[in-house]
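Student: Counted the way numbering that gives the first Met the number 0 counts, the sequence shown spans residues 0 to 314.
Incorrect hints may appear among the rest.
[Claimed, not checked] In silico lysine to aspartate or glutamate, DMTMM-like type, Cα no more than 25 Å apart, as pairs:
#1 K218 to E259
#2 K51 to D232
#3 K300 to D90
#4 K314 to D138
#5 K197 to D138
#6 K218 to E304
#7 K269 to D232
#8 K170 to E304
#9 K207 to E220
#10 K158 to D138
#11 K212 to E304
#12 K24 to D58
#13 K258 to E229
#14 K197 to E229
#15 K197 to D139
#16 K158 to E98
#17 K192 to E215
#18 K300 to D80
#19 K309 to D48
#20 K24 to E222
#21 K197 to E259
#22 K188 to D139
#23 K188 to E209
#24 K85 to E98
#25 K314 to E304
#26 K212 to E259
#27 K273 to E304
#28 K314 to D18
#29 K24 to E209
#30 K212 to D144
#31 K197 to D232
#32 K258 to D58
#33 K177 to E293
#34 K309 to E98
#35 K273 to E23
#36 K24 to E215
[As the list claims (entries may be wrong)] Using C-beta positions, here's what the derived DEER-type ranges look like:
#37 A276 to Y254: 18 to 26 Å
#38 P19 to L100: 36 to 44 Å
#39 L172 to A223: 39 to 47 Å
#40 V20 to E247: 24 to 32 Å
In case anyone wonders, no lab produced these hints; they're calculated from the structure.
Beta carbons are placed, not taken as given, at the ideal position from N, Cα and C, and that holds for glycine.
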Amino acid sequence: MMNSTFPIDLVYLWVNGNDPVWREKRNRVIGNTKEKYAVNCEGRYADNDELKYSLRSVDLYAPWINRIFIVTDNQVPGWLDTTNPKIQIVDHTEILPEEALPCFNSGVIEHFISHIPGLSEHFLYANDDMFFNRPVTPDDFFAPDGLPYVRVNRRPLRKLQLWVKTNILHKSLSNFNKKVQNAALMVEKRFGKYYSAKTHHNIDAYLKSECLKTAEIFKNELEATYSHHERNDSDIQRSIYIYTAMAEGRCHPRYVSQKESLRVHIQNPKHYPKLAAYNPLLFCMNDSEYAHDEDRHRAAKFLQERFPEKSQFEK
């Protein structure tokens with residue numbers, strides 16, 4: 000086990016999509032949610048207390064985390080003990096530029112995580128639906144040289160597959176795949192290397208200085224997306240930071256399987272048994288345009304059974 004000599008912070012993005020004040024603001028700016036619409040669906044904002052259970056997983060399995068920053072839009076979870084010295088709420092207005100506000104686009108918000116005041120050089124980033132599943136240590140995320148382990152899914156023919164899909168089959172790519180492709184092509188243009196691997200959808204490790212440097216390299220391209228208040232096909236997915244680190248040799252790529260990083264699609268009950276079967280290091284309870292309220296109730300029940308004990312972060 001690495002005897003970490005540096006602090007490691009954890010950053011979450013969180014929103015309570017059930018809040019009527021917040022919903023009115025969202026509806027005024029980008030319109031009501033639409034069923035089966037990946038860009039602006041209920042699953043993008045629904046809150047089933049995932050953050051509470053994720054923090055319980057931190058308390059259980061990663062007590063070495065230094066500070067926990069929760070990035071929100073003028074909201075605070077009612078159950079959160081904000082007097083806990085590890086916890087700090089970060090409002091969008093503290094880190095996002097004026098042209099980005101109000102922002103309902105996590106793809107834009109993610110570009111400003113490294114601007115959080117007081118954030119440590121080494122940090123982890125998670126959505127509120129991501130969890131530690133068993134004990135973890137700093138050396139699960141950072142190598143002895145201090146560089147992050149980058150967990151990616153192997154996709155050796157991805158560039159060709161996307162080209163065939165769009166140019167031969169004349170099918171459109173999803174918003175997510177377009178954003179990842181935007182990042183990959185930008186890095187290819189800059190460094191001459193196309194990275195086909197996709198980042199796993201789970202807790203990731205970063206260096207703040209590397210994120211800031213990458214944002215400066217692609218300053219013009221990123222700034223063009225800041226006014227996108229909702230997800231847009233020209234957005235640049237945060238994999239640009241990982242692809243750049245790979246191009247510059249400033250990380251350690253690690254191809255992962257479901258035994259290390261598992262994503263549960265909450266609308267599919269058959270995914271739940273995989274958690275017991277694989278016992279992964281990390282898991283994600285992924286909501287989406289395909290999920291319904293009954294799926295969310297099932298996910299909430301599962302999380303309560305998985306993490307029944309209150310953490311130090313709750314009132």
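Student: For each hint, tell me whether it holds in the structure or not.
Tutor: Here is how each hint holds up against the structure:
For the suggested pair K218 and E259, the alpha carbons sit about 34 Å apart, so the restraint of at most 25 Å is broken. At most 25 Å may separate the alpha-carbon atoms for a hinted pair to count; K51 and D232 exceed this at roughly 31 Å. For the suggested pair K300 and D90, the alpha carbons sit about 29 Å apart, so the restraint of at most 25 Å is broken. In summary, the hint linking K314 to D138 is not supported, as the alpha carbons are separated by about 31 Å, beyond the 25 Å threshold.
Between K197 and D138, the direct Cα distance comes to roughly 22 Å. Compliance with the 25 Å bound is thereby established for this hinted pair. For the hint pairing K218 with E304, the CA-to-CA distance comes to about 45 Å; that exceeds 25 Å, so the pair is violated. A distance of roughly 31 Å separates the Cα atoms of K269 and D232; the hinted pair therefore is violated under the 25 Å criterion. Taken as a hint, the K170 and E304 pair is broken in the structure, with Cα atoms around 41 Å apart against an allowance of 25 Å.
The straight-line distance between the Cα atoms of K207 and E220 is roughly 20 Å, inside the 25 Å bound, and the hint therefore holds. For the given pair, K158 sits about 32 Å from D138 by alpha-carbon distance, which is inconsistent with the 25 Å threshold. Restraint check for K212 and E304: not satisfied, since their Cα atoms lie roughly 42 Å apart, outside the 25 Å limit. Between K24 and D58 the alpha-carbon distance is near 34 Å, which puts this suggested pair outside the 25 Å criterion.
A threshold of 25 Å between alpha carbons decides the hint, and for K258 with E229 the separation of about 33 Å lies outside it, so the pair is violated. A C-alpha spacing of about 22 Å is found between K197 and E229, which places the hinted pair at or below 25 Å, so the restraint holds. Using a Cα cut-off of 25 Å, the hinted pair K197 and D139 holds, with the two alpha carbons roughly 19 Å apart. Our distance criterion of 25 Å between C-alpha atoms is broken by K158 and E98, whose separation comes to about 33 Å.
Restraint check: the Cα-Cα separation between K192 and E215 comes to about 19 Å, which is no more than 25 Å; the hinted pair holds. Using a Cα cut-off of 25 Å, the hinted pair K300 and D80 holds, with the two alpha carbons roughly 23 Å apart. With a C-alpha separation of about 12 Å, the suggested pairing of K309 with D48 holds against the 25 Å cut-off. Note on K24 and E222: the hinted pairing holds, with a Cα-Cα distance of about 24 Å set against a maximum of 25 Å.
A hinted pair counts as satisfied when its Cα atoms are at most 25 Å apart, and K197 with E259 qualifies at roughly 15 Å. Between K188 and D139 the alpha-carbon distance is near 32 Å, which puts this suggested pair outside the 25 Å criterion. For the hint linking K188 to E209, the alpha-carbon distance of about 19 Å falls within 25 Å, and the restraint holds. The hinted pair formed by K85 and E98 fails the criterion: a straight-line CA distance of about 31 Å is larger than 25 Å.
This hinted pair checks out: K314 and E304 have alpha carbons roughly 20 Å apart, not beyond 25 Å. A distance of roughly 29 Å separates the Cα atoms of K212 and E259; the hinted pair therefore is violated under the 25 Å criterion. The suggested pairing of K273 with E304 holds, with an alpha-carbon distance near 16 Å, which does not exceed 25 Å. Between the alpha carbons of K314 and D18 the distance comes to roughly 20 Å, so the proposed pair stays at or under 25 Å and holds.
For the hint linking K24 to E209, the alpha-carbon distance of about 34 Å lies beyond 25 Å, and the restraint is violated. Our distance criterion of 25 Å between C-alpha atoms is met by K212 and D144, whose separation comes to about 19 Å. A C-alpha spacing of about 17 Å is found between K197 and D232, which places the hinted pair at or below 25 Å, so the restraint holds. Using a Cα cut-off of 25 Å, the hinted pair K258 and D58 holds, with the two alpha carbons roughly 22 Å apart.
Simply put, K177 and E293 have alpha-carbon atoms about 30 Å apart, too far for the 25 Å limit, and the pair is violated. About 39 Å separates the Cα atoms of K309 and E98, which puts this hinted pair outside 25 Å; it is violated. Straight-line distance between C-alpha atoms of K273 and E23 comes to about 38 Å, which puts the hinted pair past the 25 Å bound. Proximity of K24 to E215 is assessed by CA-CA distance (about 31 Å); at most 25 Å being required, the pair is judged violated.
The hint said 18 to 26 Å for the Cβ distance between A276 and Y254, and at roughly 20 Å that hint holds. A hinted range of 36 to 44 Å is violated for the C-beta pair P19 and L100, which are about 20 Å apart. Distance hint check: the CB atoms of L172 and A223 are about 19 Å apart, inconsistent with the given range 39 to 47 Å. Judged by the Cβ atoms, the range 24 to 32 Å given for V20 and E247 is violated: they are separated by roughly 43 Å.
The structure is inconsistent with the numbered hints 1, 2, 3, 4, 6, 7, 8, 10, 11, 12, 13, 16, 22, 24, 26, 29, 33, 34, 35, 36, 38, 39, 40, although it conforms to all the rest.
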